[in-house]
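Knowing the structure of chain A, use the given hints to seat chain B on it.
Number of protein chains: 2
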Amino acid sequence: MTKIKKTISDIIGKNNWIDGKDAQKYYRDWLNINGTIPMGVAFPANTNDVSEIVKVCSHENIEIIPQGGNTGLVGASVPSQGKSIIVSFEKMHKIIKLDVDSGLMVVEAGVILADVHAALNETNLEFPMHLGSEGSARIGGLVATNAGGNQAFRFGMMTDLVLGLEVVLPDGQVFEGVREVQKDNSGYQLRSLFCGSEGTLGLITKVVLKLVPKSTNVETGLVGFKDLNTAVKFCRDFSCQFHNFLMAIEFFTDFGVDLILKLSTDNDFPVKDRASIYVLFELGATSSLLDIRKPLIDYLSSNLVSSELVDCIVANSESQRRKIWFFREEQPEGQRLIGEQIKNDISVPIGSIEEFITRAIKICSEVNPNLRINYFGHMGDGNIHFNISPPEGNAAFTEKERGLSQKIAALANEMNGSFAAEHGIGRTKKVIYNELRGEAERDLRLKIKKSIDNQNIFNKGVIN
Amino acid sequence: MTKIKKTISDIIGKNNWIDGKDAQKYYRDWLNINGTIPMGVAFPANTNDVSEIVKVCSHENIEIIPQGGNTGLVGASVPSQGKSIIVSFEKMHKIIKLDVDSGLMVVEAGVILADVHAALNETNLEFPMHLGSEGSARIGGLVATNAGGNQAFRFGMMTDLVLGLEVVLPDGQVFEGVREVQKDNSGYQLRSLFCGSEGTLGLITKVVLKLVPKSTNVETGLVGFKDLNTAVKFCRDFSCQFHNFLMAIEFFTDFGVDLILKLSTDNDFPVKDRASIYVLFELGATSSLLDIRKPLIDYLSSNLVSSELVDCIVANSESQRRKIWFFREEQPEGQRLIGEQIKNDISVPIGSIEEFITRAIKICSEVNPNLRINYFGHMGDGNIHFNISPPEGNAAFTEKERGLSQKIAALANEMNGSFAAEHGIGRTKKVIYNELRGEAERDLRLKIKKSIDNQNIFNKGVIN
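For the record, the sequence lines run as chains A and B.
Numbered according to my numbering, the first sequence spans residues 1 to 464.
Numbered according to my numbering, the second sequence spans residues 1 to 464.
Quick caveat, the hints were computed from the structure, so don't treat them as lab data.
Keep in mind it's a predicted model, so treat the numbers as computed, not measured.
Check before you lean on any hint, since a few could be wrong.
Given that identical chains are not distinguished, each listed pair holds provided it fits within a single copy or across any two copies.
With a straight-line Cα cutoff of 25 Å, these simulated BS3-like cross-link-like pairs (lysine-lysine) come out [as the list claims (entries may be wrong)]:
#, residue 1, residue 2
1, K214, K294
2, K233, K214
3, K214, K94
4, K450, K460
One chain only, chain A, in its complex shape (with noise of 0.2 Å):
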């Protein structure tokens, strides 16, 4: 061990490495359930440093587990064996170069996403991925797990947002794709093949961002309704109507607004009139010349005349904007905060909402009555975080409660949609992956995996 601390510190510099046992920090997840004490940390600063890490790591056959922000849910950002190091890529932080014209931006992969948001004060211009983490996560580990966020129906997943990768391969190699363009089909996405790769193909150092024209004109509001077939239907014909202004339709339930008013008494909640299941939705026009709040209110009123509304806000200052999201962000927070508690990361066709819904809180029923369901999510594109909480009193599952997570991912499945819809497989849900998903396709991950990684060095026992 002092030998590897030796060969890395001369790479890098002394102040660039921590011991394991001094870095729980690092080595343990953010929702504290995964982690071992790992060798070390190491702070690259730059793409060579990252590469000669590999090659002594290679050499040594000692696992490389990438780290970004640590914010990852489902153990891959985290070591489940002693004979490893972490590669922090918390002090590669620059942004690189920021192309308004073409709208894009070069980064380090360890760049916060809150920062990258924040360059883009003073442009205009936006990225549009938006998430609960943005205060820590990291571009790198965003592109990593491919994540989705709020505005992925519109403007889709990290995969979509990314024109280019600089990656470090397992021999310590450079895969050089820093390339500043949308359309390049010469020869097979490997950038889209490292989005979603959790680590185990490639140490990603730098990331060529997609920018969009900036929202100046944005509406904000929250509806509230009677049930969630109400809901899903509004939410059909709103996405059709406004589909042009869609930033953002997100849905909870009242359970999850109790949550949120238990986090502090500071907390209000906007609407008046408590429903079951709200909806709050995100409207923004890049122009002055369009008008959407002339449309947006009179569509609004003429469906609170038809009563399908229990009650609904729009925003009248950022202040009241940032509170309605507060009630959506917050959720796994808020959850977080009343014990342990069962995270099922779904997706299904969104015309299939509604049913996968009921039938999921009908298979919980059946286990335990008294359990605490709180679902949330994307309604645009059918991504729901149907987490379960023990019921009032109790601090744990039983036995037979944990095993609803794996019906729930086979209903999921079963409706055609998937049970890692944005945080991945890593190490949590590889039983979950084995049983659902096929041979063929198990296989075909495999494959790849050994071809680039045939020392198995990369975050071994992720996804494969």
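Only chain B this time, still in chain A's reference frame:
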């Protein structure tokens, strides 16, 4: 040869086989440049047929060339050697499912793109892939080439529009990835790997297409500019102001207009005052609640006053709209009729379009100032078809002129763009690919190819 014919005929029936010598339509490509006589052409009726054919060919070591509409431009859909069969998907043209609520469609690989559009006529949805060859290009081929088209800057390329795939692998096994969700991070994005694999990794048999709300309110216009610089500046501002509605923003030259006028005496150019560069735009709104005509006319009027625009027209009828598009879409056909040509399918960062064209013209005129250059393409994503015809009166290029292809490609590469934006590598761009893409990158693709098709049964010599 007789043996193979018999074995395959026994699987798919005699009527679904054509001997190679009788199959010129299938073994020569659209440009009539590539293709030699194969053993025959097989027309499977379903996935099982495809799988059985693959098993036979794999056993006998016979190359398979998958073929959709045979509209490819890089020689990837026709054989380059005789120990081969073409698998045509012409007879697999069923639309299996149209799910309006989920905004998706499941089709067999042989469905023609225009038939997808037609099937959506009575719905409020559309499939946002439009290109010149849509009357003959088939979905499987569009996936395998990762087609781009006119709306790629907005809705993405084929890889962004494919939710799921079914693919027959080189051992005859079937990858069952017919999922119906955008968000599926259950391991490497195999759907994206097959998008752009040019028939080298698997035979695509079924595709789940993502649909979007239909624009019911469409405005199409054509604007003339005195030079490229003013056209590019206009596009930059216009794209931002009308971003929410922008469906297409294309361009072509006055030389290109003459090409189309020669196609038939019936064609008349819709803009009165001829200019140097023309920009075609199309705006679309999905709802009658949203007015686009008034802000558009206001915008164009104020720009006309500032005399940046030579002339412009906004279509007043569907036939006028079609006429405008005709001048853009028939550019390839117009140029094909004036003889041999060098087709350069380039993309550059959109901020560098003007620089690229200026430098590329200079490179050409240094070789021969009388070359006829016809550049046109997609302003929204920097995809430029920079096509060259020999000087007036010359039937063919000189050797030195042919070398321009390499030089133009190298220029795009130097500018962080691509020399194969939409059309792929196929067989005809391999020399350029080997020269311009680094060893680490090519090696990655070769490793993937070998890991999946170790015997090199599928489209030998394409890409790798």
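Results for each hint:
In this homomeric assembly, K214 and K294 come within 25 Å of each other (Cα to Cα) both inside a single copy, at 21 Å, and across copies, at 22 Å. For the homomeric pair K233 and K214, the shortest alpha-carbon distance between copies (18 Å) is at most 25 Å, but the shortest distance inside one copy (29 Å) is not. Only within a single protomer do K214 and K94 lie at most 25 Å apart by alpha-carbon distance; the minimum there is 22 Å, versus 41 Å between protomers. Taking CA atoms no more than 25 Å apart as the test, K450 paired with K460 passes in both settings, with 11 Å inside one copy and 22 Å between copies.
The earlier numbered hints are all upheld by this structure, with none contradicted.
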